[in-house]
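A.B. asks: Residue-level listing of the chains:
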Amino acid sequence: MIVRPKHQRLVLVILAVLALIGAVLLAMWGLKDRAAYFVTPSDIAAGKTTPDKAMRLGGMVVKGSLRRDPDGLTVRFTVSDLKAETPVVFRGITPDLFKEGNGVVAEGRLQPDGLFVADNILAKHDERYMPPQMANEAPAQ
Amino acid sequence: MIAEAGLAALWLAAALAALQLALACGLGGEQGKSIRAVRAVAVTQGLVTLIAFAALVELFLRSDMSVLLVAENSHSQKPWLYKFAGTWGNHEGSMLLWVTVLALAGAIVALFERRLDHKTLGASLGAQALLALGFFAFLLIASNPFERLDPAPLDGRGLNPLLQDPGLAFHPPTLYLGYVGLSVAFSLAVGGLIRGNVGPAIARAMRPWILAAWVLLTLGITAGSYWAYYELGWGGWWFWDPVENASLMPWLAATALLHSVNVLAARGGLRAWTMMLALVAFSMSMIGTFLVRSGILTSVHSFAVDPLRGTFILALLALYIGAALALFGLRIAHVKEGAPFEIVSREGGLVANNLLLSVILGIVFVGTLYPLVAEALSGDKLSVGPPYFNSVASPLALVLAALMLVGPQLKWRRDAKPVLPRVAPGLLVAAAVLIATVLLAPNIGLLPRFGLAIGAALLPASLLPLIGRSLRRTPLAIWGMVLAHTGVAVAILGMASDSAFTQEKLTAVRPGERVAVGPWLVEFRDVLPIAGPNWTALEAELRASRGSGVTVLNPQSRYFAEPPTTTNEAAIDTSWNGQLYAVLGEPTDQGGWQLRLWWKPFVTLIWLGGFLIACGGALALAGRVFRRRPQGFYRTGPFV
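Protein chains in written order, with this note's numbering: chain A, 1 to 141; chain B, 142 to 781.
Chain A extracted, bound-state conformation (with noise of 0.2 Å):
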């Protein structure tokens, strides 16, 4: 098939903005549902969240609420945000600045019965972090 010199650029620009587009389209549908979204303890006391999508949440970890499994490997906490608090629950070796009183993020998803599984507890390496709503709440304090 021959496309005429006149038409070559064209017919690139074509290609081009039918590329973006394309892109775009398949960015969008694939961000609908695996954009896993940021939530706190009150959000989910307020009944914002869906149980079993897959979602962030961060808060501080609360002070005397880590408890260890006999299985040595399963952790139990408790994360606030100073409004509410929700029990977590994680299998696995925790990231080296997961203590009490520090911020923490976790990855997983929410029983219905309101207990939060998390399977991956994100390591915050640096001192100075605080998950983004304390950071914005702390001034308040």
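One thing to keep in mind: the hints can contain errors.
Dumping the calculated DSSO-like pairs for lysine-lysine here, alpha-carbon to alpha-carbon at most 30 Å [claimed, not checked]: (1) B:K522 x A:K83; (2) B:K646 x A:K99; (3) A:K48 x A:K83; (4) B:K522 x A:K63; (5) A:K83 x A:K63; (6) B:K477 x A:K53; (7) A:K63 x A:K53; (8) B:K522 x A:K32; (9) B:K552 x B:K477; (10) B:K477 x B:K260; (11) A:K99 x B:K522; (12) B:K522 x A:K48; (13) B:K522 x A:K53; (14) A:K48 x A:K32; (15) A:K99 x A:K83.
If you are wondering where the hints come from, they were derived from the structure by calculation, not from laboratory data.
Keeping the supplied structure of chain A fixed, place chain B upon it in accordance with the hints.
C.D. replies: Coordinates of chain B only, in the frame set by chain A:
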């Protein structure tokens, strides 16, 4: 004193950049005379910027705690290497490194670019000076690296222990050289557009810079991936973290540009398209810098949050990218049509390559920026992670890889012969592997299965362009392409094998107990305390056996006093067919320890492939730089 000298050098360099820009703007009329001045100023600007950077390095080496930046990021008890690398392990230092590379790149163009006509070169050096000027202003106004601290503290706060790793010491400079190397392609495209000179000459001037930047980006991304793999202790090699994407986006654009610039250099085709890609590639570098340096992300890599800096870089970005796109829109009508070609031809294949790479780039771009835009518009906080990128971008990457079975074998301009016989070998291998994996490993996912098939098919297919050539007379650029494409095949095989066949064990073990993972039987022997130069650690002794082979692994949990931090040091045993990966967790209440083990068959191919890709690029670069020097190159030195 050194700090003041460094700051003075920075101001001087900024003034020189302004002078360079002014001279380049006045270059319109008579050519040849003032280009010398522009060249001389560009070289001086590069050297003066280098002096400023050297001053900062010296301050870090001396541990001069009266300098704020040193006090906040270094410590006198740190090993020498990390004092040195600490120079760029922080915001201000890394931006100074960035602008140093930018100025030096301009200086090298000024010194060595002999083939381009003076008007275009002058306009390009002007564009490079304008870029440098913005980033000088950013340093001087919003991120002065030489700020003093009074009174000086007794000692510094130390470098983040995660960053105290020999591999990471040279990771940022490698990436920065790649990011900023693309600035030359950007400036040349701007120069070419301004002067209406878009053709093979400008493509040939760009090509070594694109190749060099691309090689360094490839190396930087590969090394960064391996660093994340062994240092973070999560067993993964790519997390689709925004900071990783920040380096991937310029790489994708540079990969597309690398292919299209050849069409322009060799055939005079794809003119407007190549210029656009050159503008996009460096724009992606700037966006990457903005993402990483503005603190807009709260990811594992982000260091601090400072709105002034973010706004400043964002304004620079908008200015440069907007101006470049506007220039493109205004001038593109003056660019001649490229040489025509048919759909089934090498050019056609490269257009398909470019379109797919652009779509992948668009998907990564949207996925990376969507959380920021969504938060700005609606206040919703969300994250986009592996589920999105893996399911949307990865299949397209495999389609692109499948296209590599055909593309390199097509002829330029038009290819009338049937294509099928040439791709038959690859298709047969792919079909054989597909059938084999369905029979032997029915449970693996669709993506890894096709990854294995396409990777295996691409391995022999990458070598096909050599058939029918005299190997001795084959240009280095062809060898480079063959090697790089083989590297892609190797990397895909590694990725597919890792996601298809990895086995994981998470347990709590007591000394003397054994754990089986993959072909290995791992005995947990003991945990003992040990000490390093600036850390103490608990070290586990694992004895792993497979058949008659025995190996010892020592994963550690390290404690650093300055700043107080604990890190996990994974232990990795590499054998020809994979890696055994061990991470020590915390002690359990029952006198045992948490232990996480992975057996990852052929995972090393991922980084071997990345390395081969970079080697291919380096080979092609050597072929371009050492072949066909312009006449009289050695006689006419700089400024003549």
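A.B. asks: If a hint holds in the structure, say so; if it doesn't, say that too.
C.D. replies: Quick rundown of the hints versus the structure:
| no. | hint | in the structure |
| --- | --- | --- |
| 1 | B:K522 x A:K83 | holds, 18 Å |
| 2 | B:K646 x A:K99 | holds, 24 Å |
| 3 | A:K48 x A:K83 | holds, 15 Å |
| 4 | B:K522 x A:K63 | holds, 26 Å |
| 5 | A:K83 x A:K63 | holds, 15 Å |
| 6 | B:K477 x A:K53 | violated, 53 Å |
| 7 | A:K63 x A:K53 | holds, 28 Å |
| 8 | B:K522 x A:K32 | holds, 15 Å |
| 9 | B:K552 x B:K477 | holds, 24 Å |
| 10 | B:K477 x B:K260 | holds, 18 Å |
| 11 | A:K99 x B:K522 | holds, 24 Å |
| 12 | B:K522 x A:K48 | holds, 13 Å |
| 13 | B:K522 x A:K53 | holds, 15 Å |
| 14 | A:K48 x A:K32 | holds, 18 Å |
| 15 | A:K99 x A:K83 | holds, 20 Å |
The earlier numbered hint that this structure contradicts is number 6, and it is the only one.
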